[in-house]
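Asks: Starting from the given sequences, assemble the full structure and let the hints guide the process.
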Amino acid sequence: MLAVVVSAFSVLDPSSLTQGGQPDGESLGVQTIVTVRFIRTDTGVCLLSFGLPASNLDELRSKLRFPLIQAQGVQLEPTIIQRFIEAFTQVVDENQPELEQCIGCMVQQVNVTLNRQCESSLTPSSSSAAINSNQSLDSNQCGICYCRPLWCLECLARWFASRQTNMRCPPTQWLSGRVPCPTCRTYFCARDVSRLIISHRQLD
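If you're matching positions, the sequence shown starts at 1 in the working numbering and goes up one per residue.
A portion of the hints provided could be inaccurate.
Label-pair distances were calculated between CB atoms; the ranges are [claimed, not checked]:
1) Ser55 with Met1: 22 to 28 Å
2) Thr165 with Ile197: 16 to 22 Å
3) Leu48 with Glu98: 24 to 30 Å
4) Cys118 with Ala87: 40 to 46 Å
Simulated from the structure, these hints should not be mistaken for laboratory data.
All C-beta atoms in this analysis are idealised placements derived from N, C-alpha and C, irrespective of residue type, glycine included.
Replies: See the structure below:
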């Protein structure tokens, strides 16, 4: 046996209107009614067909002992909301983003952000290295940076290298090292640096 949502259509929903008769809430004054059919999988014969509000599908699914699926092309959201989402998305795509200049060089646009992704842990060897280089133990653990993107990749790399130099780390260890964020001083490593995804539309 299989339950299939074969169609959906929108109707006015008086319960979602304000006292003044205006649409209220995300449903915008309408609700979706779906048609559900119980079908035998061995013969394809429809044993039962009925309609119910789409908001009741989850409750129906919890009571069935067989799958409830949605036929291809059936949209459960009211058509008016679907159209609004499409129009809203189009307007947002046309908006011009405010791409700031890197505060390091003031030439390139910011194109990287700090997002902790590594699983840094303090080991005996790293603890010894921290003591020898006069670093605090926190410098051996990456933190969470809440700064907004302010740097380009090249300037952040130069900052990273300069801090490693100040800590007298050999160049062979720079890539595996950790340095403080130029703004908030939270420690990060190369694995925590991510490129910002900028679409071609935004660059036009």
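Asks: Taking the hints in turn, state whether each one holds.
Replies: Cross-check of the supplied hints:
{"no.": "1", "hint": "Ser55 with Met1: 22 to 28 Å", "verdict": "holds, 23 Å"}
{"no.": "2", "hint": "Thr165 with Ile197: 16 to 22 Å", "verdict": "violated, 31 Å"}
{"no.": "3", "hint": "Leu48 with Glu98: 24 to 30 Å", "verdict": "violated, 56 Å"}
{"no.": "4", "hint": "Cys118 with Ala87: 40 to 46 Å", "verdict": "holds, 41 Å"}
Going down the numbered hints, you'll see the structure goes against 2 and 3, while the others check out.
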